[in-house]
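Visitor: Working from the sequences, and respecting the hints, build out all of it.
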Amino acid sequence: MDKYEKISMVVNGKAYSLEVDIRESLLEVLRNRLHLTGVKQGCSVGECGACTVLIDGLPVNSCIYLAVWADGRKITTIEGVSKEGELSKVQQAFVDEGAVQCGFCTPGLVLTATALTESGRKYSDEEIKREISGHLCRCTGYSKIFNAVKRALDADC
Amino acid sequence: MFDIVNIEKPGTLEAALEMLSRNPELKIIAGGTDVLIKMRNGALEEAELLSLRNIPGMDEIRILDNGTISIGAMATFAKIARSSIINENLPVLSEAAVSVGGPQIRNMATIGGNICNGAVSADSAATLLAYNAELKLLSRSGSRTVPVSEFYAGPGKVNLLPAEILTDILIPEAGYGRTSGCYIKYSGRKAMDIAMLGVSAVYKAEGGKFSDVRIALGVAAPVPIRCSEAEAYAIGKEISDETMKETGRYAVKSSRARDSWRASKAYREHLIEVLVFRALKEAVIRGGGVDIG
Ligand SMILES: Cc1cc2nc3c(=O)[nH]c(=O)nc-3n(C[C@H](O)[C@H](O)[C@H](O)COP(=O)(O)OP(=O)(O)OC[C@H]3O[C@@H](n4cnc5c(N)ncnc54)[C@H](O)[C@@H]3O)c2cc1C
Ligand code: FES
Ligand code: FES
Numbered sequence: 037m038d039k040y041e042k043i044s045m046v047v048n049g050k051a052y053s054l055e056v057d058i059r060e061s062l063l064e065v066l067r068n069r070l071h072l073t074g075v076k077q078g079c080s081v082g083e084c085g086a087c088t089v090l091i092d093g094l095p096v097n098s099c100i101y102l103a104v105w106a107d108g109r110k111i112t113t114i115e116g117v118s119k120e121g122e123l124s125k126v127q128q129a130f131v132d133e134g135a136v137q138c139g140f141c142t143p144g145l146v147l148t149a150t151a152l153t154e155s156g157r158k159y160s161d162e163e164i165k166r167e168i169s170g171h172l173c174r175c176t177g178y179s180k181i182f183n184a185v186k187r188a189l190d191a192d193c
Numbered sequence: 378m379f380d381i382v383n384i385e386k387p388g389t390l391e392a393a394l395e396m397l398s399r400n401p402e403l404k405i406i407a408g409g410t411d412v413l414i415k416m417r418n419g420a421l422e423e424a425e426l427l428s429l430r431n432i433p434g435m436d437e438i439r440i441l442d443n444g445t446i447s448i449g450a451m452a453t454f455a456k457i458a459r460s461s462i463i464n465e466n467l468p469v470l471s472e473a474a475v476s477v478g479g480p481q482i483r484n485m486a487t488i489g490g491n492i493c494n495g496a497v498s499a500d501s502a503a504t505l506l507a508y509n510a511e512l513k514l515l516s517r518s519g520s521r522t523v524p525v526s527e528f529y530a531g532p533g534k535v536n537l538l539p540a541e542i543l544t545d546i547l548i549p550e551a552g553y554g555r556t557s558g559c560y561i562k563y564s565g566r567k568a569m570d571i572a573m574l575g576v577s578a579v580y581k582a583e584g585g586k587f588s589d590v591r592i593a594l595g596v597a598a599p600v601p602i603r604c605s606e607a608e609a610y611a612i613g614k615e616i617s618d619e620t621m622k623e624t625g626r627y628a629v630k631s632s633r634a635r636d637s638w639r640a641s642k643a644y645r646e647h648l649i650e651v652l653v654f655r656a657l658k659e660a661v662i663r664g665g666g667v668d669i670g
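Residue numbers (my numbering), protein chains in the order written: chain A, 37 to 193; chain B, 378 to 670.
Since the hints were made in silico from the structure, they are not lab data. Hints are not guaranteed to be accurate.
[To be verified] Sample of chain B residues with no beta-carbon within 10 angstroms of chain A, all distances over it, derived: (1) 380; (2) 399; (3) 498; (4) 646.
[As the list claims (entries may be wrong)] Derived DSBU-like pairs: lysine-lysine, alpha-carbon spacing no greater than 35 angstroms straight-line: (5) 42(A) <-> 186(A); (6) 586(B) <-> 42(A); (7) 534(B) <-> 39(A).
Don't be surprised by glycine CBs; every beta carbon is placed ideally from N, CA and C.
Guide: Quick look at the structure:
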């Protein structure tokens with residue numbers, strides 16, 4: 037007895053109307069239906085942050101967010117961050133600081149950092165650490181990621 | 378995929394209460410950060426869900442005319458931590474809110490879900506106890522208000538009747554006015570970790586003495602608790618390191634810590650003694666030392 041519901045959402049600036057299975061997470065719909073495979077699936081239980089997307093501008097773990105909840109919402113995935121082939125300043129900062137190794141954690145971290153730069157606020161070092169604490173990285177040891185986020189935020193003022 | 382057979386998304390509280398009274402099998406889902414994890418673990422199967430997310434206004438934070446602060450059950454911890462009403466009047470709750478999970482979790486997790494889930498480690502629990510918070514519960518047959526201290530019934534169990542929805546958390550002025558306080562979450566990591574111990578201390582002072590002291594602990598007994606022996610000891614005493622250290626020793630008496638894989642009983646009792654002292658001392662420093670009455 038499969039149950040489907042129709043939802044409308046805007047993903048990376050493009051409007052979609054689609055039938056989703058009520059059992060699906062937003063992560064599953066983004067990856068399997070819209071083929072936005074920059075959204076990574078790590079733990080599936082909200083611990084690692086690999087699946088982070090922005091929902092109405094706020095970072096959320098899409099693995100524990102029901103697809104039916106996305107109805108009427110604006111979603112940003114890593115695919116929507118660069119504009120006309122130009123890296124965003126957050127992406128450029130990650131490149132410049134060498135903050136990417138295998139890259140599995142990178143889409144989520146770039147989105148969280150993007151939300152920080154768009155908040156227009158200033159962040160102390162401690163606050164930056166707190167704001168990226170919902171992401172696990174198995175490669176870099178975090179220092180370069182921290183530096184990249186700080187650089188992106190500094191480039192802002 | 379989650380094991381969901383149906384999900385209702387009512388647009389009003391009335392409709393939600395009606396659905397709940399017709400179908401007692403419905404499981405309320407708010408932010409989903411506990412419910413969906415249970416489903417992933419197989420602890421909840423073939424769920425029929427009632428999502429509160431489409432009901433407008435359930436996340437409002439307001440000060441009522443009589444000074445009571447009302448926090449909508451659907452307010453997320455991110456919203457609570459940012460709220461000026463909370464930061465100005467209930468700073469300890471804001472401190473507890475930012476200690477929950479990480480930023481993405483705080484954008485989803487609600488305070489109502491935190492309390493109704495019944496976990497002894499719920500980071501908002503100790504602070505709500507220390508502020509003498511009350512819970513407003515609504516069902517089709519009426520509403521009732523219960524103190525948080527009477528809501529916890531056992532490990533993972535709360536006194537929520539079938540077909541009842543928690544709508545607001547109320548903190549009367551007598552609970553927060555002219556107080557200073559501090560929350561200490563003790564855990565292995567600074568973020569994304571569950572408390573090994575949570576300590577909330579709130580006090581009022583008069584003439585260099587404690588006139589009111591409230592100490593609450595998470596993860597020190599089967600449910601979050603207040604330390605009545607420690608409070609009774611401290612009230613009326615001179616504000617000094619000695620008083621506060623002794624209050625920490627008394628706090629151990631109210632606790633019923635046990636051995637678990639996270640920490641041994643002996644270690645937990647040591648933590649209670651030391652962290653109650655530290656939380657109270659920090660509260661006093663924030664309160665400007667002595668007279669805040
Ligand atoms: C990675 C991760 C880290 C976490 N870290 C922490 C942490 O550090 N500290 C902490 O305290 N918790 C933590 N949690 C647990 C969880 O996020 C919180 O308990 C959260 O506040 C639950 O709120 P929710 O809205 O997501 O609840 P839900 O999962 O939607 O619901 C939880 C329970 O409450 C009931 N319920 C919800 N709202 C109502 C209502 N209005 N009326 C009646 N019943 C209701 C539901 O039926 C369910 O039983 C973490 C969870 C995850 C996944
Ligand atoms: S996959 Fe969502 S947090 Fe790990
Ligand atoms: S770069 Fe490999 S997990 Fe972060």
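Visitor: Now look at each hint and say whether the structure bears it out.
Guide: Verification of the hints:
1. 380: Given a closest Cβ separation of 7 angstroms, the condition is violated.
2. 399: Residue 399(B) is indeed farther than 10 angstroms from all Cβ atoms of chain A, at 19 angstroms.
3. 498: Given that every Cβ of chain A is farther than 10 angstroms from that of residue 498(B), nearest at about 15 angstroms, it holds.
4. 646: Holds, because the least Cβ-Cβ distance between residue 646(B) and chain A comes to about 29 angstroms, which exceeds 10 angstroms.
5. 42(A) <-> 186(A): Roughly 41 angstroms separates the two Cα atoms, so the pair is violated.
6. 586(B) <-> 42(A): Violated - the C-alpha atoms of residue 42(A) and residue 586(B) are around 63 angstroms apart, more than 35 angstroms.
7. 534(B) <-> 39(A): holds, 31 angstroms
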